[in-house]
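Asks: Given next are the chains, with one letter for each unit.
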Amino acid sequence: MSEVQNFKVTIDNITIEVPAGTSILNAARMIGGEVTPPAMCYYSKLKESGGKCRTCLVEVSKGSEKDPRPMPKLVASCRTNVMDGMEVKNITSEKVVDARKGIVEMLLINHPLDCPVCDQAGECHLQDLSYEHGTEGTRYDFERRTFEKEDIGPYISLHMTRCILCYRCVFTADELTNKREHGVLERGDHSSISTLLNKSLDNEFIGNIIDVCPVGALTDKTFRFKNRVWFTKPVDVHRDCPTCSGKARAWMRGDEVYRVTARKDQWGEVEEWICNDCRFHKKETTDWVIEGPSKIDRRSVISQGHYVDTKTTQILINNVIGKEPRLLMDIHDVSDVNKPEVELSRIPGPAHSDDFKTTRD
Amino acid sequence: MKLLLEHAHVEGIRYYDTYRKHGGYRAVEKAFKMTPEEIVEEVKKSGLRGRGGAGFPTGMKWSFLAKPEGVPRHLVCNADESEPGTFKDRYLMEFLPHLFVEGLIVSSFALGSNVTYIYIRGEYAWIVDILEQAITEAKNNGWLGKNILGSGFDCEIYVQRGGGAYICGEETALIESLEGKRGNPRIKPPFPAIQGVWMRPTVVNNVETIAAVVPIINNGGDEYAKIGVGKSTGTKLLSVCGNINKPGIYEIDMTCSVEEFIYSDEYCGGIPKGKRLKACIPGGSSVPIVPANLLLKTAKGETRYMNYESLADGGFATGTMMGSGGFIVMDEDQCVVRHTMSLAHFYNHESCGQCSPCREGTGWMYKILKNIEYGKGKMSDIDLLWDIQRRIEGNTICPLGDAAAWPVAAAIRHFRDEFEWHILNPEESQTRNYGLAHYADPIHVATV
Ligand SMILES: Cc1cc2nc3c(=O)[nH]c(=O)nc-3n(C[C@H](O)[C@H](O)[C@H](O)COP(=O)(O)O)c2cc1C
Ligand code: SF4
Ligand code: SF4
Ligand code: FES
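Going line by line, the protein sequences match chains D and F.
Quick note on my numbering: the first sequence kicks off at 12 and runs consecutively.
Quick note on my numbering: the second sequence kicks off at 53 and runs consecutively.
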């Protein structure tokens, strides 16, 4: 067997060696932190994904050692492979920051911004994206796009107005089921995710499209309006399942399982697909063997209900641009909830501002 | 100078016997005595550039085609012609189908394509029959099928109708559609030359490009390259429409000036009713619009000619592009705002919707332009439009995003005062047009 060649690539002045064939985005993920471009459509588990949302655009200021010419346009880092000696600028490129602002704005102009009634709020990648890379306010003063409501079955609810057309759910259905029953109909700004004849999606793995959806376009009907995600506590659980690995994440409040999802990694990607049975029907604590609280990034609003075992992301950006981090906002720095001495997992039910007042001064 | 349209007016040229009598299929006879490499070499020498819009050198494109052992290769002809203002391929296919088929056979042989496809615009339904007829005739006479002219080379040509989407003219969307999928452009790389139809190496060429291969083989690449100037070799078909005395298809040798082309009786015969020229889009709706003063002369004050380099002189700041040759002429009565709005509507309607800047941005631009056109615009809208187009351009998967951005950018660049006038005079702008202003045609002042 021949050795896989290693390529040296520099992203935002940080150099790393990666195997040939690695995309710029994945190389950046190996570095981690703010150097990683946001990815709204790419999904490492889905072969054909990526290239569509354009949020991961980066500037290639040096093509490679052999051909050092810069690339004329910004490129989608998720679909562009590194070359040896390549130099990439992500947040150190003004062009990238500006283009990304534009793309966030485009993604939002027709978005309903109905976060207050959206079950995805709190774990929505579009919320994170707009917070980190967008601008305040909007320059769009037209009516936002709406769609006819479509019922796609008893378990999954589709809110087409929130969809960003990342195609992840389409690829998921392609890869996990042998007959995809939904897809993209129409084109341009009236394209929509649909089953054409109001069919219901009933493959036993189809529930995974909820997990891959970066926004609240596909949500779990069995969890509908039951709770806000940040009031529930994610717990890693497993069970003996004849269909899937049975490794899942239960979202609990007290002893109640409100919702079951697949476990996700630090990029918000599903680690192992789970079946519909585990997801929609196993809502008793007795259905599951509890392993312990899931590790949640300390920056996530979800860690509000879950202070133990949070992870802190490494902050590299100051080394790169010599400034304080300016992209990510740490909710704990600006909120009342920022009281590490309060053991949130001990608070029964949702945390309330009173819970923090008691420990003041 | 006529190479492609030489026999266009011969009665019955659409049929095999007449076509053959006028020297048809000589190029096939000649080509099959050459090696495929020699044909590619002739095309390289000819300097032929793709006639589909981008103007990429055809010989070079052909030599990029990957040739892995045991994997079939394909030639796909792009007959999707849907760019507003462009209708030259239609003329070629409708009146000279055998010239086109002849070009396809020679090109297929050069590229080693045993199965060649014509992907034709869905609305050209009747042309499908004309092409099928020509293909059948060619086959009955031994120019297609198995072991053509005893060479051992087999070739079949299939015609596939599109579903009526402009985006399927983009080569990778075309390939997806040809494979029976939704016509979304692919994310490149890989390019079609490596992985095209059915993931096999593929060359996609425009109809006119393929037809031009016939005179190149008949006369030799060097002879072809003598026609025209610089890197604009050979002849180019132009489809002329708008405010012009003689709209239609013209074959030019790329040495005449724009002024001669518009005003001489040999070509378009000037502008009707003695009106003055206001602006022109010389290469199909995607290329930048230029006002009369920059159309006839470059920014340096030199005469502008009808060829790739001269039309592009000055870049997008003061020049435009040859594009696909859809020559749209606008006289003093035309409204640039209205025109830009309808183009924005077109691109909004035709975006495939895969990537966010194009999907959302095209609709946004259209809505703003509609407001300005109907007297509801704000001054800040102009800068906003500029900002939107700037953020679409270059940030999308396929060039449709650029094609949507350029017309808006060019209209604002050259006609900003007209947009402002619309906004400042919401009522008056509903009843009359802005007229000519500073970009009045400096040469042909109306005599009446
Ligand atoms: C949105 C879009 C539409 C296009 N439509 C056409 C078309 O209708 N006909 C065509 O020949 N090329 C069209 N093209 C250009 C093709 O992608 C491709 O460049 C061309 O077919 C190559 O042929 P050529 O090298 O012979 O010019 C289009 C490109 C884009 C981006
Ligand atoms: S429904 Fe969700 S996963 Fe599917 S395309 Fe829309 S945003 Fe993507
Ligand atoms: S630029 Fe427009 S047409 Fe091209 S892939 Fe993107 S959305 Fe589709
Ligand atoms: S993540 Fe790369 S384009 Fe969407």
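These are computed hints drawn from the structure, not numbers from a lab.
As the structure is a prediction and not an experimental result, all values here were calculated from the model.
Fair warning: there could be bad hints in the mix.
Claimed, not checked - Calculated cross-link-like contacts (lysine-lysine; reagent style DSBU-like; alpha-carbon spacing at most 35 Å):
#1 D:LYS84 with F:LYS198
#2 D:LYS84 with F:LYS352
#3 F:LYS96 with F:LYS198
#4 D:LYS275 with D:LYS306
#5 D:LYS232 with D:LYS210
#6 F:LYS97 with F:LYS278
#7 D:LYS160 with F:LYS97
#8 F:LYS233 with F:LYS96
#9 D:LYS190 with F:LYS240
#10 D:LYS19 with F:LYS278
#11 F:LYS349 with D:LYS77
#12 F:LYS97 with D:LYS73
Said to hold, decoys possible - Residues from chain F that keep clear of chain D, each with C-beta distances beyond 12 Å, as calculated:
#13 PHE84
#14 VAL180
#15 LYS198
#16 GLY322
#17 THR350
#18 TYR399
#19 SER408
#20 GLY415
#21 ARG484
All residues carry an ideal CB built from backbone N, CA and C; glycine is no exception.
Asks: If a hint holds in the structure, say so; if it does not, say that too.
Replies: Hint check results:
{"no.": "1", "hint": "D:LYS84 with F:LYS198", "verdict": "46 Å, violated"}
{"no.": "2", "hint": "D:LYS84 with F:LYS352", "verdict": "29 Å, holds"}
{"no.": "3", "hint": "F:LYS96 with F:LYS198", "verdict": "28 Å, holds"}
{"no.": "4", "hint": "D:LYS275 with D:LYS306", "verdict": "10 Å, holds"}
{"no.": "5", "hint": "D:LYS232 with D:LYS210", "verdict": "16 Å, holds"}
{"no.": "6", "hint": "F:LYS97 with F:LYS278", "verdict": "10 Å, holds"}
{"no.": "7", "hint": "D:LYS160 with F:LYS97", "verdict": "59 Å, violated"}
{"no.": "8", "hint": "F:LYS233 with F:LYS96", "verdict": "34 Å, holds"}
{"no.": "9", "hint": "D:LYS190 with F:LYS240", "verdict": "27 Å, holds"}
{"no.": "10", "hint": "D:LYS19 with F:LYS278", "verdict": "48 Å, violated"}
{"no.": "11", "hint": "F:LYS349 with D:LYS77", "verdict": "42 Å, violated"}
{"no.": "12", "hint": "F:LYS97 with D:LYS73", "verdict": "33 Å, holds"}
{"no.": "13", "hint": "PHE84", "verdict": "40 Å, holds"}
{"no.": "14", "hint": "VAL180", "verdict": "23 Å, holds"}
{"no.": "15", "hint": "LYS198", "verdict": "38 Å, holds"}
{"no.": "16", "hint": "GLY322", "verdict": "39 Å, holds"}
{"no.": "17", "hint": "THR350", "verdict": "24 Å, holds"}
{"no.": "18", "hint": "TYR399", "verdict": "9 Å, violated"}
{"no.": "19", "hint": "SER408", "verdict": "5 Å, violated"}
{"no.": "20", "hint": "GLY415", "verdict": "4 Å, violated"}
{"no.": "21", "hint": "ARG484", "verdict": "27 Å, holds"}
Of the hints listed earlier, those the structure fails to meet are numbers 1, 7, 10, 11, 18, 19 and 20, in rising order.
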